[in-house]
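Protein chains: 2
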Amino acid sequence: MKAINLADKLSTFAEHWQPRVVGQFNGHDLLVVKVKGEFVWHKHEDTDDFFLVLSGRMSIRLRDGVVMLGPGEIFVVPKGVEHCPVAEDEAHVLLIEPQGTPNTGNAATAAARRVI
Amino acid sequence: MKAINLADKLSTFAEHWQPRVVGQFNGHDLLVVKVKGEFVWHKHEDTDDFFLVLSGRMSIRLRDGVVMLGPGEIFVVPKGVEHCPVAEDEAHVLLIEPQGTPNTGNAATAAARRVI
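Protein chains in written order, with my numbering: chain H, 1 to 116; chain C, 1 to 116.
Treat the hints as calculated values from the structure; they're not laboratory data.
Predicted model, so just to flag it, every value in this text is computed and none were measured.
Check each hint, because a few of them may be wrong.
Because identical chains share one entry, a pair is satisfied inside a single copy or across any pair of copies.
Below are the PhoX-like pairs computed for lysine-lysine, each with C-alpha atoms no more than 25 angstroms apart in a straight line [as the list claims (entries may be wrong)]:
hint: 1; residue 1: Lys36; residue 2: Lys2
hint: 2; residue 1: Lys43; residue 2: Lys79
hint: 3; residue 1: Lys36; residue 2: Lys79
hint: 4; residue 1: Lys79; residue 2: Lys2
hint: 5; residue 1: Lys43; residue 2: Lys2
hint: 6; residue 1: Lys34; residue 2: Lys79
hint: 7; residue 1: Lys2; residue 2: Lys34
Next up, chain H with everything else stripped away, as it sits in the complex:
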């Protein structure tokens, strides 16, 4: 058993909006992702959506506002709430999702689940 070093994991890939699974916790995947630009509007009917910014800055647009996030800041999008993640410059983020959750809220358009 050993620690999961998030910076080391992030150094192994460059693609944006392609989360990598780095661990598990209570039936959830722990994922790191590099974000830049605008993602798609989506929602998850069955799960909250956890974001912790590790470096850089991002925003999470909601239909009735926007949440700005910097390093060391968490936002949990409640289940069923439409949102659109956006980052002007690259940011690195920890995500937590129930195992198998499609990142777009839709299995047909979701990024493949990759474990590193």
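The hints should help you fit chain C onto chain H, whose structure is shown.
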């Protein structure tokens, strides 16, 4: 809806081994804690135990070894596994636990649940 700034939350208290609830995610509490010294050996029969070090360094002793953690490192103690968190100097940590989990694994000795 707004971001949870972990450093701001940590600045509101000084006690060690007294987690504060700062948010919720899928039936779990998100907690910040300041650790220093040696906690107690314990286990959680029904939940994994999530640690993400935000600043400083800590160790998690296991019966068959030890896991060293620095900033940006995660360790998940599998449910049922005995462990003893230790920090030589103060470290700040994000914890994730099912709502109501006693931090010592035993309701009789657990820290009170405090929300900030």
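We went through each hint and held it up to the structure:
1. Taking CA atoms no more than 25 angstroms apart as the test, Lys36 paired with Lys2 passes between copies only; the shortest distance there is 21 angstroms, against 30 angstroms inside one copy.
2. In this assembly of identical chains, the alpha carbons of Lys43 and Lys79 lie at most 25 angstroms apart only when taken from the same copy (7 angstroms versus 30 angstroms across copies).
3. With identical chains, the CA atoms of Lys36 and Lys79 are at most 25 angstroms apart within one copy only, with a shortest distance of 23 angstroms there and 36 angstroms across copies.
4. Taking the closest pair of Cα atoms, Lys79 and Lys2 come within 25 angstroms of each other only across two copies (16 angstroms); inside a single copy the shortest separation is 32 angstroms, beyond that limit.
5. Proximity of Lys43 and Lys2 under a CA criterion of 25 angstroms is satisfied inter-copy only: 18 angstroms between copies versus 34 angstroms inside one chain copy.
6. For the identical chains of this complex, Lys34 and Lys79 are intra-copy neighbours only, at 22 angstroms inside a copy versus 30 angstroms across copies, given an alpha-carbon limit of 25 angstroms.
7. Within a single copy, Lys2 and Lys34 get their C-alpha atoms as close as 23 angstroms, and across copies as close as 22 angstroms, so both meet the 25 angstroms cut-off.
Against the hints set out earlier in the document, no violation occurs for any number.
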